Amino acid sequence: MLAVDIETCATALYAWDARLDAAQPVIRNRSRFVTELRALMGRSDEAQREAQAADAARERLEEQADHARSGAEQRRQETVHEGEAYAAAARAWTEQLRSLTGVPVDTAVSALAGHDPADGPLSAHAPDEVADAARSAVDPWLAELGEERDTLTLAARELQTERDRLRHRREEWERRTDPEPPPRPTARLLAHPARERPCTGWWISPMTWSRTRGQGWKRHWRRAACSTPGCAPTARSWTRPRGTPSWSRQHPCRGRRSPGSCGRSTRRTAE
Numbered sequence: 001m002l003a004v005d006i007e008t009c010a011t012a013l014y015a016w017d018a019r020l021d022a023a024q025p026v027i028r029n030r031s032r033f034v035t036e037l038r039a040l041m042g043r044s045d046e047a048q049r050e051a052q053a054a055d056a057a058r059e060r061l062e063e064q065a066d067h068a069r070s071g072a073e074q075r076r077q078e079t080v081h082e083g084e085a086y087a088a089a090a091r092a093w094t095e096q097l098r099s100l101t102g103v104p105v106d107t108a109v110s111a112l113a114g115h116d117p118a119d120g121p122l123s124a125h126a127p128d129e130v131a132d133a134a135r136s137a138v139d140p141w142l143a144e145l146g147e148e149r150d151t152l153t154l155a156a157r158e159l160q161t162e163r164d165r166l167r168h169r170r171e172e173w174e175r176r177t178d179p180e181p182p183p184r185p186t187a188r189l190l191a192h193p194a195r196e197r198p199c200t201g202w203w204i205s206p207m208t209w210s211r212t213r214g215q216g217w218k219r220h221w222r223r224a225a226c227s228t229p230g231c232a233p234t235a236r237s238w239t240r241p242r243g244t245p246s247w248s249r250q251h252p253c254r255g256r257r258s259p260g261s262c263g264r265s266t267r268r269t270a271e
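First residue of the sequence shown? That's 1 in full-length UniProt numbering, and the numbers climb one at a time after it.
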């Protein structure tokens, strides 16, 4: 049978209990250290990921910067070429202006001609300077042209007024009718009192008188025409029957109708 020393075991257990109690702060410190170490490791991983992202962003920004530098250089070259073209156009315009009008514009253009493209693009104020110089040189000439234009406009208006007056006068002359010729003194015809509108077709020519048997005196006439519809005279003589104090015409109706029923009335002549 195994014998156990209770006192010795109790003393040993008390000793281990004391040692464990003394190790509790160390255990707590080490646990806290482990926790902090894990947190630091997580932060380290996050920082590493951020560093990688920063490297990628830096590379991307460097690429964008290189592209921007190349674009800026290209724009600079284009600006230089545009400046050269502007200077050439300004010189050509100045030469053309001088050849046409004799107006010199050399102050700002000489500065453009003396500019070296290697020095970079033109100044931002160069177009304004050229425009001011051109305006100061051309404004007097434009004022003279304006006065000449006003003079020509006034002359054109006067010519227009004169043309309108002549046109109006011509229209008045065109609207006028030609005057009727005066009546022949030997062919005055008196309208019959019974007719409202006398016949205007008989013209009597002075002829010789002749005497025929049974008809009395006869006066021959030359022409007969009537504008009244339905009246076609056939008689070619004016007769004076015996015992009549006046001359009467032989009507184409030959007595079958009453005088004036065919639109033709008997007329009398007064010599």
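Hint data in this document are derived by calculation from the structure and do not stem from the laboratory.
Be a bit skeptical, because a hint or two may be false.
What follows is a set of in silico ranges between Cβ atoms, one per label pair, in the way DEER data are often shown [said to hold, decoys possible]:
(1) His-81 / Arg-43: 52 to 60 angstroms
(2) Glu-73 / Gln-96: 31 to 39 angstroms
(3) Ser-31 / Gln-64: 46 to 54 angstroms
(4) Gln-64 / Asn-29: 44 to 52 angstroms
(5) Arg-38 / Thr-79: 55 to 63 angstroms
(6) Gln-48 / Ile-27: 26 to 34 angstroms
(7) His-81 / Asp-150: 41 to 49 angstroms
(8) Gly-71 / Arg-98: 35 to 43 angstroms
(9) Leu-37 / Arg-60: 32 to 40 angstroms
(10) Arg-175 / Thr-153: 27 to 35 angstroms
(11) Arg-43 / Leu-13: 40 to 48 angstroms
(12) Gln-64 / Glu-36: 13 to 21 angstroms
Being a predicted model, the structure only gives us computed values, none of them experimental.
Backbone N, C-alpha and C define an ideal beta-carbon position, used for all residues, glycine too.
Those earlier numbered hints the structure runs against, lowest number first: 12
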